[in-house]
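Engineer: Using the sequences and the hints given, assemble the complete structure.
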Amino acid sequence: MGAVSPREARMVRVQGEEVLTASLTQLRSRARETGKTVRETAVGSLNLGVWPVSLSRNAPLFTAPEQARLLSARAAVAGCGGLGGFLASLLARAGVGALTLVDGDVFDEGNLNRQAFCFRDSLGREKALEAARACQAVHPFTEAAAVRTVLTPDNALDVLKGADIVLDGLDSVPARFAVHRAARELGAPFIHGAVLGWSGQTATFLPGSSIGLDAVYPVPEDAPDPPGVLAPAVAVVAALQCQEALRILAGRPAANADRLVFFDGESHTLHRMELAPAGARS
Amino acid sequence: MTITARVPGSLKAWLDGACEADCQGRTVGECLADLSRLHPRLQGRVLDEERGMPKVLVFLNGDNVMGMGGLDTPVNDGDEIALIPLAAGG
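Note that the protein sequences, when read in sequence, are chains X and P. Position 150 (the first sequence) corresponds to 150 in the working numbering; numbering is contiguous. Position 57 (the second sequence) corresponds to 57 in the working numbering; numbering is contiguous.
Hints in this document: simulated from the structure, not taken from any laboratory. The reader is advised that the hints may include incorrect statements.
Among chain X residues calculated to face chain P with C-beta under 10 Å, some are [unchecked claim]:
{"id": "1", "residue": "79"}
{"id": "2", "residue": "82"}
{"id": "3", "residue": "157"}
{"id": "4", "residue": "172"}
{"id": "5", "residue": "219"}
{"id": "6", "residue": "262"}
Listed next, the in silico EDC-like pairs over lysine to aspartate or glutamate satisfying Cα-Cα at most 20 Å (straight line) [said to hold, decoys possible]:
{"id": "7", "chain 1": "P", "residue 1": "12", "chain 2": "X", "residue 2": "266"}
{"id": "8", "chain 1": "P", "residue 1": "55", "chain 2": "X", "residue 2": "221"}
{"id": "9", "chain 1": "P", "residue 1": "55", "chain 2": "X", "residue 2": "33"}
{"id": "10", "chain 1": "P", "residue 1": "55", "chain 2": "X", "residue 2": "214"}
Even for Gly, the Cβ is constructed at its ideal location relative to N, Cα and C.
Structural biologist: Here you go:
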């Protein structure tokens with residue numbers, strides 16, 4: 001069986017609870033013996049109630065079957081720059097098992113102020129590849145696929161195929177519309193995120209909802225100049241998006257469906273408002 | 001009718017350093033036009049005159065006006081209008 005059994009597991013205490021754990025060495029060795037991947041072995045172990053040690057601090061927050069669902073899931077991150085870099089990192093850390101990381105761009109000096117995977121020695125390197133490399137360096141069971149392409153209405157469906165959820169790390173309004181349309185066709189929830197200065201916003205669009213991205217952007221056009229964006233605002237918005245994605249992938253109800261949460265970094269306030277179909281009239 | 005308009009801190013420059021300001025009007029559109037007259041930095045940033053649409057998200061007492069009567073939505077004394085900017089960076 002491709003799993004570490006409770007009999008072989010080591011018990012640790014987390015937040016007053018006993019948690020059965022398997023080390024990375026145990027998981028790797030069982031995967032080798034059974035011809036399974038480390039990810040499959042970790043999922044099999046979780047289904048028996050045995051947590052990978054590297055995820056054991058998630059144990060009070062998710063049940064083992066919920067964490068198994070996270071580890072079995074694929075999340076697509078559209079854009080691997082500011083939001084996308086933090087999103088990929090947070091999803092990988094939390095134990096989402098498969099990531100599709102999409103970006104056709106390379107890092108430049110102007111990205112250093114806010115993009116998690118941009119360093120002086122990564123300038124000129126492809127964002128999607130750097131993100132995938134960094135995510136795979138966290139847990140050995142994370143399968144991160146880099147897709148080095150610019151998302152367009154023509155390719156979005158193909159690129160995002162197989163995703164259980166799609167997260168918005170884009171910096172272009174038209175690209176967001178294309179990705180949201182593709183997510184809808186795939187039946188995948190779309191977790192929108194965007195940043196402006198010290199502030200930013202997120203909204204969750206579930207596949208069957210009559211409310212779409214046009215409730216946020218009345219006109220699907222970009223402003224003529226890129227906005228100023230501060231790293232902490234990016235990190236806050238990505239964190240909100242990631243928490244929502246984890247809830248949904250674990251099988252819990254969305255916290256923010258058809259609502260816009262606007263984080264104001266200058267006053268440290270969150271504004272949560274109901275979205276309405278664009279152009280609706282009562 | 002006196003209406004209170006609120007903006008998040010990131011937009012307070014639009015209201016000359018304040019996060020809220022009073023304005024007058026019978027509809028959301030009239031209130032926003034009055035607000036733009038009182039605070040000239042709002043001009044061109046809130047209303048798309050050509051399309052007759054707001055350029056930002058506009059909520060009346062917490063509800064998106066696009067789900068009501070848009071800019072023609074009537075207001076009552078003491079109502080609150082919130083303006084949320086269109087963030088698009090990533």
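Engineer: None of the hints should be skipped; say for each whether it holds.
Structural biologist: Here is what the structure says about each hint:
1. 79: Where the cut-off is 10 Å and the nearest Cβ of chain P is about 5 Å from residue 79/X, the hint holds.
2. 82: 5 Å, holds
3. 157: Violated: closest Cβ of chain P sits about 21 Å from residue 157/X, beyond 10 Å.
4. 172: 8 Å, holds
5. 219: The hint holds - residue 219/X has a Cβ within 10 Å of chain P, the shortest such distance being about 7 Å.
6. 262: 5 Å, holds
7. 12/P <-> 266/X: Judged against 20 Å, a Cα distance of about 10 Å means the pair holds.
8. 55/P <-> 221/X: This hinted pair holds, its Cα atoms lying about 11 Å apart.
9. 55/P <-> 33/X: Outside the cut-off at roughly 60 Å; violated.
10. 55/P <-> 214/X: 12 Å, holds
The structure shown violates the earlier hints numbered 3, 9.
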